[in-house]
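Q: Sequence:
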Amino acid sequence: MADTRGAAATQGAPRNPKKGAGVLVVGLGRFGSAIAATLDRLGQDVLAVERSPELVAQWAGRIALVEADATNPEALEQLGARDFPVAVVGVGSYLEASVLITGNLVDIGVPQIWAKAISAEHARILQRIGAHHVVLPEADAGSRVAHLVSGKLLDYIEVEDGFTVVKMRPPKETQGFTLAQSKIRERYGVTVVGVKSPGLDFQYATPETRISQNDIIIVSGHADLLERFAARP
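Reading the sequence shown from the start, the letters are residues 1 to 233 in the working numbering.
One or more hints might be untrue.
[Claimed, not checked] Below, simulated EDC-like cross-link-like pairs (lysine to aspartate or glutamate); rule was C-alpha separation at most 16 Å, straight line:
| no. | residue 1 | residue 2 |
| --- | --- | --- |
| 1 | Lys167 | Asp155 |
| 2 | Lys167 | Asp215 |
| 3 | Lys152 | Asp224 |
Hints listed in this document are in silico derivations from the structure and should not be mistaken for laboratory results.
Whole structure, please, built from the sequences with the hints as guidance.
A: Okay, structure coming up:
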């Protein structure tokens, strides 16, 4: 049975957030606490909600937070959750709590809800009940690392529907040539967005940009095409 405790304010937590401002983060596990701390560091208005007294004590004084059980819709109403334009549900390991919290936020009309999932099935449930964005951090991290350890890629970010941006060393056949000369886009279907040369600032790429052996290039395109390009010697 869900805990029906109301919201208990913790020092430093805004009880009446400004309408249309701020991010509500529910759950201060590794995922939620990283989001809340980063948003706070970036100067964003953030309010964290956590039911564990131990985690509340750990984060007290570091970020604005409230000790409350977000599976209880009354608790969310008390802390003004409906006034936040964005909410992040960082609870993932407890499926029932994750679903209840997300459903509560949907019911009170939070415009944008991000939710953590721990499996594809969990993600489908969250999407069906109304989460606008579902994140599978472990699966995403595993996919990213797999791409990094398997080739010359230095970083890998999949944006959506296979469109990806990578950081990599240039293939030998491109070294010493301008982008116009090497015709990377025509030959491989990917686009060099920018170049970072040793000791110089990052530069956006133009047809006249010349690629050198020690450069790092930022390339965008479909994941399959990028992998093919990165596999070139």
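Q: Each hint needs a verdict: does it hold in this structure or not?
A: Structure-based check of each hint:
{"no.": "1", "hint": "Lys167 - Asp155", "result": "holds, 5 Å"}
{"no.": "2", "hint": "Lys167 - Asp215", "result": "holds, 10 Å"}
{"no.": "3", "hint": "Lys152 - Asp224", "result": "holds, 14 Å"}
In summary, the structure agrees with every hint in the numbered list given earlier.
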